[in-house]
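Those protein sequences? They're chains Y and D, same order as listed. The first sequence begins at 65 in my numbering and counts up by one. The second sequence begins at 6 in my numbering and counts up by one.
No wet-lab data here; the hints were simulated from the structure. Predicted, not measured: the structure shown is a model, and the values here were computed from it. Please note that the accuracy of each hint is not assured.
In the EDC-like style, the derived pairs of lysine to aspartate or glutamate whose C-alpha atoms are separated by at most 16 Å in a straight line are [to be verified]:
| no. | chain 1 | residue 1 | chain 2 | residue 2 |
| --- | --- | --- | --- | --- |
| 1 | Y | K279 | D | E74 |
| 2 | Y | K210 | Y | D284 |
| 3 | D | K241 | D | E256 |
| 4 | Y | K279 | D | E145 |
| 5 | Y | K111 | Y | E318 |
| 6 | D | K168 | D | E201 |
| 7 | D | K249 | D | E62 |
| 8 | D | K241 | D | E74 |
| 9 | D | K31 | D | D75 |
| 10 | D | K241 | D | E218 |
| 11 | Y | K279 | D | E137 |
| 12 | Y | K279 | D | E149 |
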Amino acid sequence: MRRRSESIRDKLLPAGAFLLIVLIWWGLSVSGVIPDYMLPSPVDVVKAFIADFPTLMSHAWVSIEEALVGLAIGTALAFGLACAMDRFLNLEKAVLPLLVASQTIPTIAIAPLLVLWMGFGVAPKIALVVITTFFPIAVGLLDGFKSADADAVSLLRSMGAGRWQIFRHVKFAAALPYFFSGLRISASYAVVAAVISEWLGGFEGLGVYMTRVRKAYAFDKMFAVIILVVIVSLVLMRLVTLLRAVSMPWARKERKEKKA
Amino acid sequence: MKKAIALILGLTMILAGCACAGAEEKELKKIVFCLDWTPNTNHTGVYAAQALGYYQEAGLEVTVVQPPEDGALLMCAAGQAQFAVDAQDTMAPALDRDVPMNVTAVAAILQHNTSGILSRAGDGITSARGLEGRVYATWEIPTELEMIRYCMEKEGADFNTVKLIPNYITDEPAALAARQTDAVWVFYGWSGIAAEISGVDCDFWGFASLGSELDYYTPVILANNDFLREDPETAKAFLAATAKGYAYAVEHPQEAAELLIAGDTTGSLNGSRELVLASQQWISARYTEEGTAWGRFDPERWNGFYSWLHTNGLTARDLAGTGFTNDYLPEE
């Protein structure tokens, strides 16, 4: 019984905070303290969201597709490289600093170059998503592999396990939580990366639409786009959490046991 | 941190107060002037007025700032800048709202629309008709596309045959030479001149030549409406000094261009001396029209373009008669 009231409180608190912020926002814009070109009223934003819904959706699909394809390629690449770095220590020594450095390059600076190299289609946009999403997963996995219990590795080796068997039964399992933490971060970046890449040219996508309504000074529509980006990102993160629960049933069980 | 800044500011004020006590009692009025883009020859008059002390003589302390992307009008509407550079076409959506934005165009920097379509010489895009079947790099602004459609239809050509690609081009002559696009919208005074000196053989046709309804004002100086209402004298003083700066640039293109380069703190003109000088020679002849003073709007031409926007469905309201005034310019 105690636990249920706790969980209700856990849900009520953020909902209350959210409502309070929206209420303050609404009060500020209705009273005219903040003009609509600085902050449109939440009512206008919701109206724009509804009126614009078909347009928003058609642009959203383009961005979501770029984000998902980019995230998939980024994950695959990260997985491959993390495994290779784990297997060959020299590779890790050589490549890891470069990877870290690559993350400090401002996306807004390389995005135009990607367009120059790859043209106007979806390729440069997907490339940008790959670059953004790749790093948290790769680093997470690498840490995960290292976190594998050394005694367990020794035990398996003493039992005559091969490199592949050790990897599969110990290292991979140990790395999974790290992998999902990385994937969650990457998923939250993926949509934003797709939107940013679309600022630089293209005819479709939430980023293109955002630029268009900004130039028309239609701020209610611009905020509607922002809200949609937030929703899509949250859904994507939630999907990662679900995927994690499905792929690591033991983690759920352990947590329950801990709680009990 | 804040305390330290306050302390430094306080000390500076005391020192400044000591230094000029008795010499000059009058305090300078602070004006923020927001550019539309990196400094270029559209802005020369402001840089000349700054360098030659016209603003100081008028009791003004002018700070020139750069906007966030497409943000000059917003900075001005929000009161972060008293004046900003924009253009009649891009300010239309800001006026076409339930509550129009808090800005008014108070001076025309150039008397005519010097923009048009630049293409490789030999491709035959010497008029709107030549765009048929060609690649055009677009910013995807509705007014931009409608103007091209309108010009092509005027010449009996079909706009739907034009292949549109996104425009992210920064060096138009180079992009044409590299065949990234067949045609691109430019302002002749900068990119057209750049093509001339870069040796890329180009054709150009201007929108103003296709009808006075397309000869709108670009660029213009905007002012914040609250500022205009509360302090019209300062607004007039600023525009008078700015007009003097542009008059100087008309008389002395070479010297004015040097002042622009020297005054550019952004470094964006570094290495472009030849372009700036050539552009200045061309544009200095276009700040004023024969016999008229700098900055004046011809209401007929201003309204003609805004009516054209409305007739072609680009604005929900007919904006003719709104958005500009000659009241703050010096008397002729």
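A quick look at each hint next to the structure:
1. Y:K279 to D:E74: holds, 10 Å
2. Y:K210 to Y:D284: Status violated; Cα separation ~48 Å.
3. D:K241 to D:E256: At roughly 22 Å apart (the allowed maximum being 16 Å), D:E256 and D:K241 break the hint.
4. Y:K279 to D:E145: holds, 10 Å
5. Y:K111 to Y:E318: violated, 46 Å
6. D:K168 to D:E201: violated, 26 Å
7. D:K249 to D:E62: holds, 12 Å
8. D:K241 to D:E74: Violated. D:K241 to D:E74 sits at ~28 Å, over the 16 Å cutoff.
9. D:K31 to D:D75: With Cα atoms ~36 Å apart, D:K31 and D:D75 exceed 16 Å; violated.
10. D:K241 to D:E218: Status violated; Cα separation ~29 Å.
11. Y:K279 to D:E137: violated, 28 Å
12. Y:K279 to D:E149: holds, 12 Å
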